[in-house]
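Asker: Using the sequences plus the hints, can you model the full thing?
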Amino acid sequence: MNKPPRRHPTVVSNPTNEAAGKVRLIGGRWRGTRLSVPAVAGLRPTSDRVRETLFNWLMPMLPGARVLDVFAGSGALGLEALSRGAAGAVLVERDPGLADALRTLAARLPGGEAATVVQADALSWLAAQPEAGFDLAFIDPPFAAGLWDAVLPLVAARLGPDAWLYVEAPHDAAPQLPPDWRLHREGRTREVRYALYRRSAPQA
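Just so you know, we're using my numbering here: the sequence shown kicks off at 1 and counts up by one.
Derived from the structure by calculation, the hints contain no laboratory data.
Quick list of the computed label-pair ranges, beta carbon to beta carbon:
no.	residue 1	residue 2	range
1	Pro63	Gly187	19 to 25 Å
2	Trp57	Ala174	20 to 26 Å
3	Pro179	Arg34	37 to 43 Å
Glycine is no exception: its CB is placed at the ideal position from the N, C-alpha and C atoms.
Answerer: Now the structure itself:
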């Protein structure tokens, strides 16, 4: 008798090469803390390898920094910054379930009160905020939404005169930054280009 073909479990594509369902903080006081990655459309946490590279770049400026993570998702970027010495971070996340999970996690972490979780649409929230104040911002939106051109000017207006800006995008996207930003470092994986920018000093 012919055996029925073996059914393989469905595999959800995970371009970050992380174990499905979780990522971990990789440095600082919360090193090893695991973050949930539920099956939410567009949720694509930055990989361990990219985060390690990024935070090596950022190491000199992180202590005491005020951080903004406008598409927080799993919280991997904003919480990693806090783990490594940032003074405070605002994590903006549209999905109510993800925002609740971030609040619950922050409440369990020693010193987690440094994380402020806002459940809101990033563009609407940014438009309602005062001008400058943050030292570092992360922009890693759902790729399919194509939000870079809309969000970059809003984020830039909320950053200080010597601030840093991280942008993650697919290779075929070319986000246009305001003219006062210069590229500091960049890297690539098979799926994404990641780049760190710094605001240029005003010309005399």
